[in-house]
Amino acid sequence: MEITEHMLRTGSRGFRDDLARAIEDLRRSSQGLGLAWSLAWHDVVSRYRGSILGPFWITLSMAVMVLGIGFLYAELQNIPLATTLPFVALGIVFWGLISQTIIEGCESFVQASGMLSQTALPMLTFVWRTVLRNLAALLHHLVIVVAVIIGFGLWRTLNLPLALAGLALVLINISWMCLLTAIISARFRDIPQIVMSIMQFSMFMTPVFWQPGERVGLMDAVLTWNPFFHMLDAIRAPLMGLAPEASTFPVLIGMALIGWAVAFGLFTVTRRRIVHYL
Amino acid sequence: MSRGAKPPTAPPRPDQAFISVRGLTLRFPVYGYDAKSLKKHLARVAVGGQLDQARHGSTTVTAITGLDLELRAGDRLGLIGHNGSGKTTLLRALSGAYEPDEGQIEVRGKIAPLLDLSLGIDPTATGLENIRLRGRIAGLSARQVDEKMDEIAAFTGLGPFLAMPLKTYSSGMQARLAFAVATAVDADVLLRDEWIAVGDADFQKIAHQRLLGLVERAGILVLASHDLDLIRLYCNKVMRMDTGVGSEMVSVKALDELLARPSVR
Chain C
1 MEITEHMLRT GSRGFRDDLA RAIEDLRRSS QGLGLAWSLA WHDVVSRYRG
51 SILGPFWITL SMAVMVLGIG FLYAELQNIP LATTLPFVAL GIVFWGLISQ
101 TIIEGCESFV QASGMLSQTA LPMLTFVWRT VLRNLAALLH HLVIVVAVII
151 GFGLWRTLNL PLALAGLALV LINISWMCLL TAIISARFRD IPQIVMSIMQ
201 FSMFMTPVFW QPGERVGLMD AVLTWNPFFH MLDAIRAPLM GLAPEASTFP
251 VLIGMALIGW AVAFGLFTVT RRRIVHYL
Chain Y
279 MSRGAKPPTA PPRPDQAFIS VRGLTLRFPV YGYDAKSLKK HLARVAVGGQ
329 LDQARHGSTT VTAITGLDLE LRAGDRLGLI GHNGSGKTTL LRALSGAYEP
379 DEGQIEVRGK IAPLLDLSLG IDPTATGLEN IRLRGRIAGL SARQVDEKMD
429 EIAAFTGLGP FLAMPLKTYS SGMQARLAFA VATAVDADVL LRDEWIAVGD
479 ADFQKIAHQR LLGLVERAGI LVLASHDLDL IRLYCNKVMR MDTGVGSEMV
529 SVKALDELLA RPSVR
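Protein chains in written order, with our numbering: chain C, 1 to 278; chain Y, 279 to 543.
Hints may contain errors.
Covered stretches of chain Y, going by a simulated chain C footprint (3 or more residues, C-beta under 8 Å) [said to hold, decoys possible]:
# : region
1 : 296-309
2 : 373-383
3 : 386-399
Restraint-style ranges between C-beta atoms, simulated for each label pair [claimed, not checked]:
#  : chain 1 : residue 1 : chain 2 : residue 2 : range
4  : Y       : Tyr309    : C       : Phe71     : 47 to 53 Å
5  : C       : Arg47     : Y       : Pro307    : 32 to 38 Å
6  : C       : Arg273    : Y       : Ser419    : 39 to 45 Å
7  : Y       : Tyr309    : C       : Arg16     : 23 to 29 Å
8  : C       : Leu67     : Y       : Ser419    : 42 to 48 Å
9  : Y       : Asp424    : C       : Asp190    : 40 to 46 Å
10 : C       : Pro212    : Y       : Asp428    : 56 to 62 Å
11 : Y       : Pro438    : C       : Gly50     : 16 to 22 Å
12 : C       : Ala136    : Y       : Ala532    : 54 to 60 Å
13 : Y       : Leu406    : C       : Asp220    : 53 to 59 Å
Since the hints were made in silico from the structure, they are not lab data. Glycine residues also receive a C-beta, built at the ideal position from the N, C-alpha and C atoms.
Just chain C, same shape as in the assembly:
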């Protein structure tokens, strides 16, 4: 029989001890990634139980939105459809990944309160669950991505390794955002509403639909200081055969390091208390 040992001590041994246990939580949750994946897959399956198209319903509604907005913005901005449609399609798909993960991140711990209050499961498992669930959704939406890449001949110019590196960096970044919103929303229940507003506002401030024009004045500030622009740019530009902004990858790497340090620091300090927030 498998013997697992638990050693739990008092929390008053200081920051070092808390940090060691936060790292232990990280290690155990990474080893148990299979469980996070099982939970995530179960979420996807149960959300669309009884529907014929299943998760492809979102893919379908996304495709409809891509077509509508693609045609509209091609007309509005006076840009040929062949440029606009792939731009909008990739924008909407990957924006969906970023914003859904952060919004659903708020529920990561709250939803798992039953499990957290009676088992010693690592807490980060539930953060991975949210990220993996959205990754599973992305796998469905890849239909749109592949259709656009083939339909508009992007496969001739795309830089797949760079796009995958961009995706990896984006996942690392949205993971810490997910952890951060999960902790804060467990403590303060107003946060999910605020996060949702921020994401909605950011969608309009980020070139998801609209093509960024010349980088002058306000436009330059909006693009330079918008983390979501860099996230989107790191995946979309290589897929469209364009070079990402020179600052995009350094910004994402810096953001990942600082963001994880902050989020993990908060996790270290609050970890013992999170179960009582719920």
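Place chain Y on chain C using the hints.
Chain Y in isolation, oriented as in the chain C frame:
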């Protein structure tokens, strides 16, 4: 270790289950309520833990104060005490969900917390999916769940209904399923809150046998209950809790004397 019958008080082998709790104190911060009004409200209530007003204006409930406990393989401890005396909190602390504010908890062995039968149960999923999900949460690998699937399915006695969503089940059927999965995990330390009566008379009988078997297999049982007959049936030791303070552990034979005391202190 196979030669002859072991005396019941044999020293624990290093690979055997044990629980050691020293000076455990657990405090809950209570968030999101007006501390003053809560305090006013609770002042009139006789049950529950001790309430303190914390420095930051939020209310802190001290659920367990300075509790000591030593359990070895073969110990079956019954926890008694009125509502809010800290029994469930102690079980949750032993499961690893709550970490101590002071003192130390050491648990060796695979822990099976059976605190809530509905843990990880999804009413829209089918019976089989729920078995899978619950098994994964309990720490079984996907393969182990597959191996145990037939046994669990047979034990529920639900047959073809296992392919139906759980929401179509009667509450007795749901309890059968939850109970079957919850008890399918081989564990060294079994934590059980209230022996919930499940299912019809037939199932009660099978469930009872299964629990007895589980108690024998598990190194240690900790059972919190108000039902003294149940405590006498399953436990060999007993501890009384009162406003978060634990009495010393006594043999279950001394249960009546323990209850007759005005307070545990």
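Outcome of the hint check:
no.: 1; hint: 296-309; verdict: holds (count 3)
no.: 2; hint: 373-383; verdict: holds (count 11)
no.: 3; hint: 386-399; verdict: holds (count 10)
no.: 4; hint: Y:Tyr309 - C:Phe71: 47 to 53 Å; verdict: holds (50 Å)
no.: 5; hint: C:Arg47 - Y:Pro307: 32 to 38 Å; verdict: holds (34 Å)
no.: 6; hint: C:Arg273 - Y:Ser419: 39 to 45 Å; verdict: violated (31 Å)
no.: 7; hint: Y:Tyr309 - C:Arg16: 23 to 29 Å; verdict: holds (27 Å)
no.: 8; hint: C:Leu67 - Y:Ser419: 42 to 48 Å; verdict: holds (44 Å)
no.: 9; hint: Y:Asp424 - C:Asp190: 40 to 46 Å; verdict: holds (44 Å)
no.: 10; hint: C:Pro212 - Y:Asp428: 56 to 62 Å; verdict: holds (60 Å)
no.: 11; hint: Y:Pro438 - C:Gly50: 16 to 22 Å; verdict: holds (19 Å)
no.: 12; hint: C:Ala136 - Y:Ala532: 54 to 60 Å; verdict: holds (56 Å)
no.: 13; hint: Y:Leu406 - C:Asp220: 53 to 59 Å; verdict: holds (57 Å)
Of the numbered hints listed earlier, the single one contradicted by the structure is hint 6.
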